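Line order of the protein sequences matches chains Y, D and A. Start counting the first sequence at 1; every next residue gets the next number (full-length UniProt numbering). Start counting the second sequence at 1; every next residue gets the next number (full-length UniProt numbering). Start counting the third sequence at 1; every next residue gets the next number (full-length UniProt numbering).
Hints in this document: simulated from the structure, not taken from any laboratory.
If you want a taste of the chain Y side facing chain D, the calculated C-beta under 10 Å gives, among others:
id, residue
1, 207
2, 498
3, 523
Remember, predicted model here, so these are calculated numbers, not experimental data. We put the beta carbon where it would ideally sit given N, CA and C, even for glycine.
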Amino acid sequence: MKLGACYYPEHWPEDMWADDARRMADAGLSRVRIGEFAWSRIEPEPGVFDWGWLDRAINTLHAAGLEIILGTPTATPPKWLADQMPDMFAVDVHGRSRGFGSRRHYCFSHLGYRAEAARITRAVAQRYGNHPAVVMWQTDNEYGCHDTTISYSDAARDAFRFWLAQRYGDIGSLNTAWGNVFWSMEYRGFDQIELPNLTVTEANPAHWLAFRRFSSDQVISFDKAQIDILRELSPNRDVMHNAMGFVTDYDHHDLGQQLDVVMWDSYPLGFLEMFPFSDADKAAYVRQGHPDIAAFHHDLYRGCAADGRWGVIEQQPGPVNWARHNPAPLPGMVRLWTLEAMAHGAELVSYFRWRQAPFAQEQMHAGLLRPDSQAAPGLDEAIQAASDIADLGEAGRPIKEVALIFSYDAEWITQTQPQGEGLSALWAAFSIYTALREAGLNVDIIPPRADLSGYAMVAVPCLPAVPDQLVSALKAFDGSVIIGPRSGSKTDELSIPAGLAPGKLKALFPATVTRSESLRPGTHHAGDGWSATRWLDHLETEAEAELVAEDGMVACWKSANVRYCAAWPEGALIAEIARRAATEAGLEPVTLPTGVRVRKTDTYIFAFNYGNETQQVTLRGIERLGSSALSAAGVAVFEAS
Amino acid sequence: MKLGACYYPEHWPEDMWADDARRMADAGLSRVRIGEFAWSRIEPEPGVFDWGWLDRAINTLHAAGLEIILGTPTATPPKWLADQMPDMFAVDVHGRSRGFGSRRHYCFSHLGYRAEAARITRAVAQRYGNHPAVVMWQTDNEYGCHDTTISYSDAARDAFRFWLAQRYGDIGSLNTAWGNVFWSMEYRGFDQIELPNLTVTEANPAHWLAFRRFSSDQVISFDKAQIDILRELSPNRDVMHNAMGFVTDYDHHDLGQQLDVVMWDSYPLGFLEMFPFSDADKAAYVRQGHPDIAAFHHDLYRGCAADGRWGVIEQQPGPVNWARHNPAPLPGMVRLWTLEAMAHGAELVSYFRWRQAPFAQEQMHAGLLRPDSQAAPGLDEAIQAASDIADLGEAGRPIKEVALIFSYDAEWITQTQPQGEGLSALWAAFSIYTALREAGLNVDIIPPRADLSGYAMVAVPCLPAVPDQLVSALKAFDGSVIIGPRSGSKTDELSIPAGLAPGKLKALFPATVTRSESLRPGTHHAGDGWSATRWLDHLETEAEAELVAEDGMVACWKSANVRYCAAWPEGALIAEIARRAATEAGLEPVTLPTGVRVRKTDTYIFAFNYGNETQQVTLRGIERLGSSALSAAGVAVFEAS
Amino acid sequence: MKLGACYYPEHWPEDMWADDARRMADAGLSRVRIGEFAWSRIEPEPGVFDWGWLDRAINTLHAAGLEIILGTPTATPPKWLADQMPDMFAVDVHGRSRGFGSRRHYCFSHLGYRAEAARITRAVAQRYGNHPAVVMWQTDNEYGCHDTTISYSDAARDAFRFWLAQRYGDIGSLNTAWGNVFWSMEYRGFDQIELPNLTVTEANPAHWLAFRRFSSDQVISFDKAQIDILRELSPNRDVMHNAMGFVTDYDHHDLGQQLDVVMWDSYPLGFLEMFPFSDADKAAYVRQGHPDIAAFHHDLYRGCAADGRWGVIEQQPGPVNWARHNPAPLPGMVRLWTLEAMAHGAELVSYFRWRQAPFAQEQMHAGLLRPDSQAAPGLDEAIQAASDIADLGEAGRPIKEVALIFSYDAEWITQTQPQGEGLSALWAAFSIYTALREAGLNVDIIPPRADLSGYAMVAVPCLPAVPDQLVSALKAFDGSVIIGPRSGSKTDELSIPAGLAPGKLKALFPATVTRSESLRPGTHHAGDGWSATRWLDHLETEAEAELVAEDGMVACWKSANVRYCAAWPEGALIAEIARRAATEAGLEPVTLPTGVRVRKTDTYIFAFNYGNETQQVTLRGIERLGSSALSAAGVAVFEAS
Ligand SMILES: [Zn+2]
Ligand SMILES: [Zn+2]
Ligand SMILES: [Zn+2]
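In isolation and in its complexed conformation, chain Y is listed as follows:
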């Protein structure tokens, strides 16, 4: 695995560049990402390009032996461009145009901006497409960040109507598919359809779902235009994009299919603070992040990549600036995060950023260097990680154990119609992922269309609309299967299937969900050490009632190799189900100490301690790095025996 850094030569005096490059190389970094926010320096006036500084920056980095990942600067169009087309901004859900002054200030549906984005991409690619230092391209930056996938602009409305006409052909088909007879919502032409925001009460969920799918497709096609230009003008270089954490507004599986590599931006402490983890977890892991945040995304984005190539292009090296509260990582965490990425098969971990900028929005975001160019605590950990990696060599091929099925479409369906506040397919997946990982199992998070061969166990946390291909694959699968609530409960147009839930999954698990409930937090059905909470599915089935609450509520049904978890898959309930399923699948679930996680390849077993106390881990294999007395933020690597 390579290490790298994100660097902004335009932020620093030119006479600092060579020394920066040297220090990067000395620290064991071999790749450097640049350029993704530099449009106003590349093209300071319309049509007037200033390549000189960037030529020199690239050559300086190249001279130090660094490989360059070059970004297209389309996330930050300059003010002069925005002034040329004031309707290029996205419009928010309240109908307000968003403005200039930060970044990502464009609507994916604006044709004028699409042309400009293609123009600047072509210009940069023409200049540097064959430069020997340039080994990879990044398209744009963090699609979807700051709620930028979905726009309620006129441009979006017009494009949505066109997209609908393409999808449904005639308006009657759309009316039928959406059930528009309900509440007299029938349209007489595609040009009558509005965006689903600002309605009196909720819009038709089918309307929302179509709009979510359209909005995702706009991101994918915007990205594809850049990829096509880059492949034309910069042959034999990889193209990647940097996804964010917990962003689900566009379909990363779709994006991954058109990229060479999927990368992501890993900020475990910021994500812990900003996403709905429990207060207990937020307190316990304040300086580490929840132990599964990084791993979940590693396993998710690896599953998004066409050929499994992935990496971390932005790794948190210290406190960030953007969360409600911004603590520093526990000493050791920067190294731990780096090696956890290695254990999951990353090809690169690149730290964001090389040096903390003293100005503008991110001035309180740490770098490997402090603003005064002294080493920040993260730098030593990066150097240590480089040494560890050199010591370990290749991470080894992953052991396949559990496939966890996740789809972005499922997340949009459950966000559109959660039935119970705060519940969705993503968080069902995260919750099951945690249970599996606490049992020491390797998990691959894969799309419904992925191949299930080689796995001992499959979990489908929540997949309301089930593709036929998955049904076939699951029927052919003879390992253990866990199906979570709401799976199979919807058609592809977000209606209830003819024979009720679990719809197509009846082929696998013969049952009918006669009623679905959602419960407020605190209400539960108590079982033997577990509780059924939040989402309940009531089944008519010949299956065995495997876990039954004291009041008779069945929390888990079992039919042959398939278990149906009939409540929100959390805590002791899903842990018990996962443990039973894994054992039957021939896996060996363990009980890891609190905060400890492992990841297994054919070469190594990696162990990581996200907790605040030293923990003793007992794993088969010879100690290769660290020891089985795993200190807080500690890493141990054992040779697989």
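Dock chains D and A with the ligands against the given chain Y, drawing on the hints supplied.
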């Protein structure tokens, strides 16, 4: 009492209609409501009507012996109509036009839409006004639902100015009435008056109150236009409207005076979740709803009806789709709710809906049938209720015990100027209602103008502006009277009366409120088993200090037959006051077991257990239905002895 | 110290005026503020003035011996004026124009309204500038109240561009100063710059800070225009403005420099409820307000006044109307508040309002009289206070002990970039102020440019950008110094200084802050009786680690006479640091009983009990008023020995 269902033939293949009709009749249902959302099917293009399907639907239902309640479809104008008049939408408090895509997307003040609503009402009434199956009309659907009474549109502003000119005659009178000299808010003409939203700090409360009254009047006149057409074209049929729960934005007493029957839509579980009940109540009654939600509205809407005719046109039969959390009712609750309506004198309970729709917004809203046409749990309970009703015959005439005075105007005044967050006349009324009902008393909720004869006791929970008629009636009344805080504290123009509060009520209770406070939750004055909380009135009076807190705060004053509750009327305080007043009035307050409620007619005593445990009830009378060991969700009926 | 009242003759029949005036004088009041909301009565039609009523009102008050403070009515322009220039309203952060119907409905940058404000000020000053009864002017009313300093209007945008051009000269300087190279935010001209609201993610903090400074300057220049007219037309009268509590949106130090007297509006109970005090404090002090609310503002606004002249122009006399909850003050509090102002050196305490108005927005706001003209509880306390003041004579000259440095600019910087939710320079200052006052110390809150001579101790709670003048003054200061976290951490353009924090303060305290963190509430580093919380600064320094947490976190560093508090300065931590610093400075910190506060002059020691229990205070000096057994809301005054 009759039973019925809400049915949408336009949602289902025509070949299912006859079987649906037969099954309804078999289940003991005799009435079916249809048509209220079908505008786009009745008039698919402007001026082009398609009556065929509706003719056949009505005839099919008729053939099965069902009586039809037909709705005017004005809550769901089609898209082609909205496109003709894009300014017909209501505008929200933030100044944003609301859009097409759900329902109730019109502003009550838009003259163009008023004309269209009259046109379609006339068309439907002409077609079916004399059809033998049609026994009742419903105007529109759920006025005020989804915050649709109040609109900040230009149409509303223009109509408001006209309304003000009618009310005040000259602008000087308005300036004086509102006290516009304050902060130089004086107007020089009615055309200078704006709507009270988006001001810098709060607008004049008198301005708000006038706007609230105007907004209510717009609903009433909109409704009246439909009633006039229906009475003209469909003689000898009843006209009703379906009110929602806890909607107070328009004056239901006014509405009731122009209807033949007042009906309402009873969703106890959704209301429990969405309204400010305590967390403890939300946990205890998650599957039952608070024990007083349905009864409160029964007693309230009965008091709204000109001749006391009322019913439940939409009864929750299982989980709904629209609350934050949507649990299923406890087994037995659908029957319990039905019989509780009977006990309060309903003429109809109609379940919403016959069959769960598999598409669009309400696809997760249960029906009596599942989407696959199998019986949902609610159907069996409806059948049981039909059998119970047949068994019991007439419910009997209600026993008059306590009159509780509520006015919508009072609610608007207290919402406009709550002085203490979250407090209002409605919740004062609900709180006293609960105390009375926990004491086993029959309560009628009536407007200030209603006749008090026959009652042993009157409660005025919170009536800031007191009509002269009520003062006279109370002076003539020799039973027990309870007056709650803030009563009499305002003039009709929301100012402080010349002699201070309780204003006109001084005729009844000689006192002066020298100071009114509001306290944050948690602050209280502790008494002997009770506390004075939230709203405090300090009185100068010769009355007896009946309940005095340890620190000297007087929570209840007594003068002759009148008690003044000088704090927020909740919990043990109002229970104690109610008990004393009732005992003096010759009523016999009891202490019902937790969760148990009763309702008494001259024929029967009904007992209902909303709790989670079996309770023993000891009531005079012979067991006629059920037993005095009342299980959770159980009903017992005793013959009045 | 004089006493007074705020009076609105235009609200009352003319035949009540003389009696009101007589009763004021009888109560011991000598000053009366009038006129500040009377524009629509002074100029009912454009250009048509009605002076008669105001002439008579002034003469009536004068005849009773009262001195008049006359307000310019510019906070309440009439509707006819707003209709002439509909773009005069401020625009809120969401882009919505605010409207007519309350007060303060103007944008400070609107040139048309500025001309109108000057015109009416000139008219009033011409009429009454030389009237013998008029002794003081008030400009406008409560600048900034109801969030009215900052406007996002087109007028504001245009004025901001002009202001920026004045400040930066050329656009390149602005780009460099703000670091606009970051995210390609570079501008090519001042006319490209937008306001910082409605951006996609946060705007550049330097952009925000400039806009905050500009917005403050607009208030100052708006006010200056009135002052110039008043000084021209009303020679030898004082000009003051009435500031609100906890309003920091404009720079009160700047305002104070152009006024003769700074006054403020003291509503301790409303402020307690509406500002982020702990729930425990809100419960403990529900009827008193937090013990430091009034004193903090007394000491702050005294420091704003050019010559130290200040007063309370609006003193809460009973419950207010505008907080979420509005309790009554504990008996005695109105007197206590009055004498606390005296102890801090006020020249006037004026009660708001003379008589409670029965109409419009503030009808639930108590006065000294009830709406029925009877005495409200506050009147007796005012009379008692007048007697106490007469008894005591002059308050005496204040003892200088601790100087606390606060700047509005610091507050804007920390609001712009809090790094940790809810933390800011203001609340750091309030927290340290409380610790000092609990130790019985006199505190002056002064701007960074103020003279430090005479103080034994200086506290700099949080001053990110440090003026050179303060650095010099602190270097020359040989008493104890406390520096709070984030001090010196920013340049004047909100970037990180070249050598990192504490920037210029390194001259005083040799250290480098290598890392700054913010922690969520509940996370802490436990020390010996104290905790390090919320904001943490990590230092490289040769200084002594004076307070070290169990885990090694250093919470307080000490170097010579300077202490650096490296965590949020709250609770036991800052109390311990303050105590150590004070003792070293030769002050004698005490431990006052809970809720008790003192203030010392060269003549008296005043003691106030804000608690709910009687407390024994042991102070040197002879009892002059009250006794050392200090009852709840009690005041005692001792002659300084
Ligand atoms: Zn990033
Ligand atoms: Zn309904
Ligand atoms: Zn004020």
